[in-house]
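Q: Can you make the complete structure from the sequences, with help from the hints?
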Amino acid sequence: MDLHVDNTIRRDNHAHAGEVINLFDQASLDKSLMPETELTGDSIIEAHERVLLATIEVVKVPHGYVGLIMLRSTVARAGLVAPTTYADSGFIGTLTMEVFNSNKWGIDLQAGTHLWNMVLVAAPFELDYTGKYQNQPQGVVGAKALDYDKDIWYYKDNIWAPALQSPDG
Amino acid sequence: MDLHVDNTIRRDNHAHAGEVINLFDQASLDKSLMPETELTGDSIIEAHERVLLATIEVVKVPHGYVGLIMLRSTVARAGLVAPTTYADSGFIGTLTMEVFNSNKWGIDLQAGTHLWNMVLVAAPFELDYTGKYQNQPQGVVGAKALDYDKDIWYYKDNIWAPALQSPDG
Amino acid sequence: MDLHVDNTIRRDNHAHAGEVINLFDQASLDKSLMPETELTGDSIIEAHERVLLATIEVVKVPHGYVGLIMLRSTVARAGLVAPTTYADSGFIGTLTMEVFNSNKWGIDLQAGTHLWNMVLVAAPFELDYTGKYQNQPQGVVGAKALDYDKDIWYYKDNIWAPALQSPDG
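Protein chains in written order, with my numbering: chain A, 332 to 500; chain B, 332 to 500; chain C, 332 to 500.
Derived by calculation from the structure, the hints in this document are not laboratory data.
No experiment lies behind these values; they were computed from the predicted model shown.
Glycine included, every Cβ here is placed at the ideal spot set by N, Cα and C.
Some hints could be false.
[Stated by the list, open to error] Incomplete in silico selection of chain B near chain C, CB under 10 angstroms: (1) I387; (2) K391; (3) G410; (4) L440; (5) Q441.
A: Quick look at the structure:
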C-alpha cells in the first residue's frame with residue numbers, strides 16, 4: 332500500500348538543544364518540538380535534521396495482521412532514514428512517522444509525495460489495538476508522555492514487577 | 332537466508348555538502364553519489380559515513396511473501412545501522428542496501444562478509460512486484476528519480492488526488 | 332509483547348574515537364565498548380550517543396515465526412532510533428538492543444521502562460536458531476567476532492565461495 336506525506340510537519344525546537352527530555356513528562360516532551368507548520372513546495376529537510384510527518388491515508392489493519400511501514404526504496408537510497416514502524420492489528424487512523432536526513436545535504440520534500448509503503452504481514456498472536464493513538468485526527472501527533480503506573484516496572488526484593496501489582500500499589 | 336556484501340561500493344560525494352537534493356530530478360540525485368568503486372580488503376566505512384552496498388546473492392521472493400532484510404545481530408551490535416528494507420513479493424535480483432556507521436570510529440569492511448539476513452514473512456495481500464528495480468544487474472544501483480505524474484498527489488478543491496486522475500491530468 | 336529495559340547499559344568507549352574496528356577481531360570489538368554499568372534513575376542517553384541495552388524479558392519464539400522488535404511508537408516520536416531487530420525462530424533468551432539518540436538533547440532513561448514491542452510474524456521457511464547468542468545470560472552482550480572460516484566468502488576464478496568449500500579449504 333502506497334503512503335503519501337500530508338502537508339504538515341513538526342520540526343525539532345533547537346532552542347532546547349543540550350537539555351534533557353523526560354519520557355514521563357508531557358511538558359518536557361512538548362517543548363522539544365515546534366508547533367505543526369505547513370509543508371510547502373519549498374520545504375527542506377536539512378542535513379541531519381529529524382522531523383515528524385503524517386500520512387494522508389487513513390490506515391486500517393485487519394485482525395491477525397500488522398502493517399509494517401518502511402520508506403520506499405528510492406527514498407532510502409537518497410539517504411532519508413525512518414525507523415521501521417508497525418501499525419497494530421485493528422489499528423485505524425493516519426500515521427505519524429519520524430524521518431531523519433542522514434545526508435550532509437538538504438532534501439527538498441514536497442507534500443503529497445509517495446514516501447512510504449505499508450506491507451500487511453500475518454501476525455496471528457496479536458490482539459487488536461486499544462491504545463491512545465487510535466483514530467487520531469489528521470496531522471502530526473507528537474509523543475504522549477509515558478505513565479509511571481503503566482509504562483515502567485520496578486525492581487524490589489529481586490523481582491521486576493509493574494507498579495499496580497506491587498504490594499504498595 | 333545469509334546475504335553477503337559484493338565487492339563494489341558507492342560513497343557520498345562530499346563536494347555537494349550543503350546543497351539541496353530534489354527527489355524528482357535524476358541529475359540532482361546522481362551528483363550526490365560518487366561513481367561505483369571497488370570494495371577492497373582495506374576499505375573503511377568512516378565514522379558517520381553513509382554508503383550504498385550490494386548483495387552478492389540474487390534474491391527471489393515467492394508469491395505471497397515479502398523478504399525483510401536486516402543487518403545481522405553481530406554487525407548491528409558493532410554500530411552499523413541499516414534501515415529495514417523489504418524485497419517485494421515476486422522480486423528477483425540483487426539488492427542495494429544503505430548502511431550508516433553510527434560510531435565515532437571507522438569500520439573495516441571486507442567484500443564477501445555476511446552482513447545481512449533475509450527473512451521471508453507471510454504477506455498474502457501483496458501483489459507481485461513490477462517496478463523499476465526488477466532484475467537489476469549486479470552492483471550498486473543508486474536512486475532513480477521520482478515522477479511528477481506517478482509519485483505525488485496534488486491537493487485541489489479540498490481533495491488529494493494523483494495527477495493522472497485530476498481534471499487537467 | 333511488551334519488552335522492558337533491564338538495569339544495565341554499555342556505552343561507547345570514546346577513548347577510541349578515530350580508530351578503526353575490525354569485525355573479525357574480538358579485541359578490536361571489545362575495546363570499542365565500556366564495561367557494563369548500572370542504568371540508574373539518573374542515566375542520560377546523551378545527544379547522538381549510541382548505547383547497548385538489554386531486555387528484562389526472556390523471549391521465546393515459536394517454530395515457524397520470527398519476533399520483530401521495534402521501539403514503541405511514543406519512544407520513536409521522542410527521537411530514539413533502534414534498528415529493527417528480529418529474534419529467530421526457536422530463539423530463547425534475553426535480547427541486546429542498540430539504541431541511538433537522534434536528538435540534539437539528552438533523554439533521561441530509567442531502568443524498567445517499556446521501550447520496545449515484539450511482534451511474532453509468520454515465517455514458515457525459517458529453520459530454528461542454533462547460533463552463538465542462544466540462552467545468553469541476563470545483561471548486555473557485545474558483538475562476538477566474525478570468523479574467517481564461516482562468515483566471509485572469497486572471490487576466486489570468477490566465483491564467490493565460502494572458505495570451507497574452496498579447493499584449498
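Q: So, for every hint listed, does it hold in this structure?
A: Going through the hints against the structure:
no.: 1; hint: I387; verdict: holds, 5 angstroms
no.: 2; hint: K391; verdict: violated, 12 angstroms
no.: 3; hint: G410; verdict: holds, 6 angstroms
no.: 4; hint: L440; verdict: holds, 8 angstroms
no.: 5; hint: Q441; verdict: holds, 6 angstroms
Going through the hint list in order, the structure does not satisfy hint 2, though it satisfies all others.
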